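Keeping the supplied structure of chain A fixed, place chain B upon it in accordance with the hints.
Protein chains in written order, with our numbering: chain A, 8 to 197; chain B, 12 to 452.
No lab work stands behind these hints: they were computed from the structure. All of these numbers come straight from a predicted model, not from anything done at the bench. One or more hints might be untrue.
Selected chain B positions facing chain A (Cβ under 8 Å, derived; list incomplete) [unchecked claim]:
| # | residue |
| --- | --- |
| 1 | I220 |
| 2 | S223 |
| 3 | K242 |
| 4 | P243 |
| 5 | G262 |
| 6 | T279 |
| 7 | S281 |
| 8 | G284 |
| 9 | Y351 |
| 10 | G372 |
| 11 | N374 |
| 12 | E442 |
Yeah, the Cβ is synthetic: ideal placement off N, Cα and C, and Gly gets one too.
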Amino acid sequence: MRKKLLINLAMVLVIPGFLFTVSCAKKTIKDDTSLVQEAEDEAAAKAAAEKARLEEMARQRAIEEQRLQDESERMASARDLFLNENIFFEFDSAVLLAEAQAILKNKGEWLMNNPDVTVTIEGHCDERGTNEYNLALGDRRAASAKTFLMDLGISGSRLNCISYGEERPVDPGHNEEAWAKNRRGHFTIN
Amino acid sequence: MKKYYIKTIGLIIIASFMMVGTGICGAGYDYIDITHPFLRKIPIAIPVFKEIYPSDATKHLSKTASDLLAETLEFTGYFKILDRDAFLVDMQTVTSLANVNFYNWTSIGAELLVTGGGLIQNNQVELELRLYDTFKEKLLVGKRYKGLVKDQRKIVRRFCSEIIFFLTGNKGFFNSEIAFVSKNSGNKEIYVCEFDGYNPRQITHTKSITLSPAWSSDGKWLAYTSYAKGKPDLYLKHLRQKRGAVISKKGINITPAWVPNKFELAATLSFSGDPEIYLLTGTGKIIKRLTKKRGIDLSPTWSPDAKHMGFVSKRSGTPQIYIKDISSGAVKRLTFQGRYNTQPSWSPKGDKLAYAGMENGHNDIFVIGIDGQGLIQLTHDQGDNEAPSWSPDGSLIVFSSTREGLSRIYVMTSYGTDQRRLLALEGEQTEPDWSPRMVNN
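One chain only, chain A, in its complex shape:
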């Protein structure tokens, strides 16, 4: 009886053992394939990830370029504004009115943001009055603007002044409209 039991036990143990061997061997082969598959998958995934990464980089670059372009456009227009926006004065006066002060504040800001720049402030007058007196008045107008900017913190060494009196009008007309345009302070970048 015990012999039969032992043989059965052995059978029970050995045959599945064989089976296991067979199946392990099968498994091994199976693993190989999946590894390859995994490798393939991985490679494919990597490629896809790389592609996505490259696309993302390109997208980021494009955004950055756009940002830089916008920035430089903004800077150019701020620079243009600095150059093109004049301050105006009343007749025979070098006093800075509210509007002139607001414009000068903007110019002060731009100068703060561009610390390497030095500028020249031009003082101009309308044609009335005499040439010599207008040279002195233009001088006072440029000096007025310079003092205001220095009070905002801009270093005086960055601000040159020059008076042109009535010698360089922007409007040659002989009426109040032309005269108002000519009574100006104008900025140029050195």
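Same frame as chain A, now just chain B:
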């Protein structure tokens, strides 16, 4: 009986005073009343000069020299030049210049007569010139001149100076010049012409903006402001020799005015942050500061004895003219009428200042006594009139005027009469300055 004697004695006394009185007035000063010199123009006849030896050249000389003499005397404003068509005498038929039939001249209303005899030989010109009082039948001035043909203008002018000196006791201005600014194609340059507008020539070639010429009192230097180096600098230039100096401080360097009889000048400099007037040497070094108030101070002008300086200041709120006593330093305001008075010019006679006063947007020339009295307006409703400058004898004023549209140089008597244009160049002319009498002319 006693009454009769007293009357006759009284009349005799009065009569003798009158005769003595005219004697006291002196030789020529009857002719032109110094206090009202332009009130009545003296009729004067200036016939074509006699050709001493007839020739084409002499004929041309006789015409041009006599015409120039007439124009020069007319320029002074003292004379009415009579029309030659009314003359009864043809000078070519006169045998001797020394014999004059005065009735031929008094009958056409001439009170003065100038006769001349001309001769050209070997490129040398000889002119004998005589000034007569036709009613008194007297020779007043007679001169004979010799020179090169090209000197005939100088000769005529010299004789005119003799005439004016005899009639007014004043040396006149025929050896003076006028500096001015002319703007052509965007550039302003300094030009100089003779006092009557003849022979204008360009002095600066800066191709920039050059302004406000000022003569030194010996007529050898010109000071002016120029943007040649990009900003308003002050240049001092010797006209004959190629030398000079530049004042190029920060800010404006403008409105030069030479001190009479000194190699010094006053000018406005703003390097301290405010336009002030400084005294400088003729080499451009600062001697001292002359104005001390905050606000615009500029446009100095010197009294002929250099003891006073007129200038423009905004210290009371609007540009007005002030006078500073140089030795005491005291400053007095001169102008109280009008809200904008600039460009003062002190008369070489010392008693008045001319200036430009602005009202309703345009300028007119005014003259005021140094005591602030006697204000008169010399130009009215004729555009913009600026930058007055006196002739060296104080009888005429040169200024700029836009009455024709473009700005031109004009001349008038010191009373505002006889306003006429001096010259017209291409572009616009402004800022005239009348030189002193030139010594080497």
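query: Given B:S281 was flagged as interface, is its beta-carbon under 8 Å from a beta-carbon of chain A?
result: Where the cut-off is 8 Å and the nearest Cβ of chain A is about 5 Å from B:S281, the hint holds.
field: B:E442 as an interface hint toward chain A, with CB separation required under 8 Å
entry: At about 7 Å, which falls below the 8 Å cut-off, the nearest Cβ of chain A leaves the hint on B:E442 intact, so it holds.
- request: Closer than 8 Å between Cβ atoms is the bar; does B:K242 clear it against chain A? Give me holds or violated.
  value: The hint holds - B:K242 has a Cβ within 8 Å of chain A, the shortest such distance being about 5 Å.
task: Please verify that hint: B:G372, Cβ, nearest Cβ of chain A, below 8 Å or not.
output: holds (5 Å)
- request: Would you settle whether the hint for B:S223 is holds or violated, based on the nearest Cβ-Cβ distance to chain A being less than 8 Å?
  value: Since chain A brings a Cβ to about 6 Å from B:S223, closer than 8 Å, the hint holds.
- request: Go through the hint on B:G284 and say holds or violated, using the shortest Cβ distance to chain A against 8 Å.
  value: holds (7 Å)
message: Min Cβ distance, B:Y351 to chain A: is it shorter than 8 Å?
response: Status holds, d = 7 Å.
message: Just to be careful: measuring from the Cβ of B:I220 to every Cβ in chain A, is the smallest value less than 8 Å?
response: Where the cut-off is 8 Å and the nearest Cβ of chain A is about 5 Å from B:I220, the hint holds.
Supplied contact hint for B:N374, tested at 8 Å Cβ to chain A: holds (7 Å)
field: Given hint B:T279 near chain A, where the shortest CB pair must fall under 8 Å
entry: Hint holds; B:T279 Cβ to chain A Cβ min 7 Å, cut 8 Å.
- prompt: Are B:P243 and chain A close enough, Cβ to Cβ, to be under 8 Å, as the hint says?
  reply: holds (6 Å)
query: Any CB of chain A closer than 8 Å to the CB of B:G262?
result: holds (6 Å)
Hint violations for this structure: none, all hints satisfied.
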